[in-house]
Amino acid sequence: MNKIALKILMGDKAKYLGLIFGVSFASLLMAQQVSIFVNLMARTASVIFSVSEADIWVMDTRVRYIEEVEPMRDMELYNVRSVEGVKWAVPFHKGLSTIRMQDGLTQQVQLIGVDDVSLVGICPEMVLGDERAIRKPQTAMIDKNGYVFTWPGQPLELGREVEINDHRVIINAICSITPNFITFPTMYVSYNTALEVAPPTRKKLPFILVKAQEGQNLQRLKKRITDQTGLQALTQNEFAWRSINYVLQRTGIPINFTITITLGVIIGIAITTQTFYMFIMENLKQFGAMKAIGFTNMQLLRMVLLQASIVGLTGYCIGIGLTALFFEVTKDAPALQGFILPWQVMVGVFCTIFLVILLSIVFSLRKVFKLDPAIVFKG
Amino acid sequence: MQQAVIFSNISKDFPLDGRKIRVLDNISSDIRLGEMTMLVGPSGCGKTTLISILSGILSTTEGRVDIMGAALTDMPDTKKVLFRRKNIGFIFQQYNLLPALSAAENAAIPLTAAGVSNKKALARARALLEGMGMEGQTEKLPRQLSGGQQQRVAIARSLVHNPKLIICDEPTAALDAKTGLQVMQILRDIANEKNRAVLVVTHDNRIFHFGDRILEMSDGRITGDYTTEDFLKKEHIE
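Protein sequences appear in the order of chains G and B. Number 244 in numbering that gives the first Met the number 0 belongs to position 245 of the first sequence; there are no gaps in the numbering. Number 161 in numbering that gives the first Met the number 0 belongs to position 162 of the second sequence; there are no gaps in the numbering.
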């Protein structure tokens, strides 16, 4: 019986390929759109995720997300270091600055200042030069995409000079980072250089990165930091999710993307349902003949379930494969760099596709079950 | 002659726009083993409804049907399907072969539905087809066969599970005259040689003479039960 089901399914090559194409396209559409959205949202927290050494981020209580900087007094660093359970605490600068190039053109950059000694928070993947170079005064490291964006068509080379707020800075290293949400070039300097070149303010310390002592409960340590300093302390994940949620709730980007994804899912569902429903409907007379001959409804259900599983699985695998291929091919494009196909998206698309196929089976099989086998006597 | 089917006082109503239309009105008769019975009458007289009821596809509004001693009208729908699968063979006007399956696979379908192994079912189907002059055609798809060959496959499908009752709905309607006669000869042989009851619904007066007995229907009633000779005389058919 399984053989009959498969032969009916694959007998008409055009119909079979149409079904596979429909499900593949639906899977591709859903997986690709959702993955791009998820990756884009993750970029809002890419700076946070890139600082893998720290357990806790400490900041002013008014800070709602990573792009919102409310500097603290310098002494807060010592207050945090004095909290029981803190292994180390280092300053971390993050802000926007404008660089002026030798030809007079300007470019806004994201300026990251890391602790001069430990270099905690520095970009981990070097392309050219040595990250320790930024320990020298007036020295910076720029990300590769930012370099290409700032000096398009020019070879990667060290020693370029730029001005930041009338301070001369030499680029002595180039690194590769996960692109961030605002897409400005990212420039790494030592914390002291950042203080020097950033516009002067009364309070200068944006964030404090904290490493907990071994065996410390992070939630308790966070509470101790807040209780003793009055500052806000968040784990890396909490701060990342707070930043993502802020963008989700306060900007129009998620709405636009949600519309795109919803449309993608609706189109995917419509294609899958339509193609499978049509397949059943076109074979209705055959099902009628089979019922007349003596196939039970359960036998027909088993046959249709087998057909649906084959179509669903094949279409899903092709769709997911094409999505993975898309991200592989575009991995070097700055706009999509670092984008991956998360396993959660794969599972979600799998469930959606099979749910949709199941629903279309329920709708179409109702017709088959209620089908009057006498249809075959009607010419 | 032993009766394969006995139907008594059958009536069938269909709902239409809130009222009931009586399609079959209190009809009774039988179908006998070893005989080919022709069911004739104008379009809309209830022939298709009657064969649907006799094959357990439709239920009666009133009346009783017994097939090979089993009370079909008392059976639940699921049991009717299993009974039909075992005891009745069908030949349809449009053959209703599955286009993706070969001739042998199509002919083997009733056995496959009954859970017989693929190998056994196909061997039996091939033997039947070859017995009907289909040597070398058993692995072809329906679209590669002529109308007459397709109807032979349908006949083989109706016989493969060895049923006692064969129900044929306009078996020659889609065939040319010569092929139609050949197909009717096969059906006639099946009825006479294998001691089966063959019920043929037809409009085609060129094949009436193949029958042993003719039931005439009109307006939902059986209006005549004739031997073929008497019927042909009555209708002035040569």
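A few of these clues could be false.
Selected chain G positions facing chain B (Cβ under 7 Å, derived; list incomplete) [what the hints assert, rightly or not]:
| no. | residue |
| --- | --- |
| 1 | G10 |
| 2 | Q285 |
| 3 | F294 |
Please keep in mind that the hints were generated in silico from the structure rather than gathered at the bench. Beta carbons: idealized from backbone N, C-alpha and C, even for Gly.
Tested hints:
For G:G10, the suggested interface contact is upheld, since its CB lies about 2 Å from the closest CB of chain B, less than 7 Å. Given hint, G:Q285 at the interface with chain B, holds; its Cβ is 6 Å from that chain's nearest Cβ, closer than 7 Å. A cut of 7 Å between beta carbons decides the hint on G:F294: the least distance to chain B is about 5 Å, and the hint holds.
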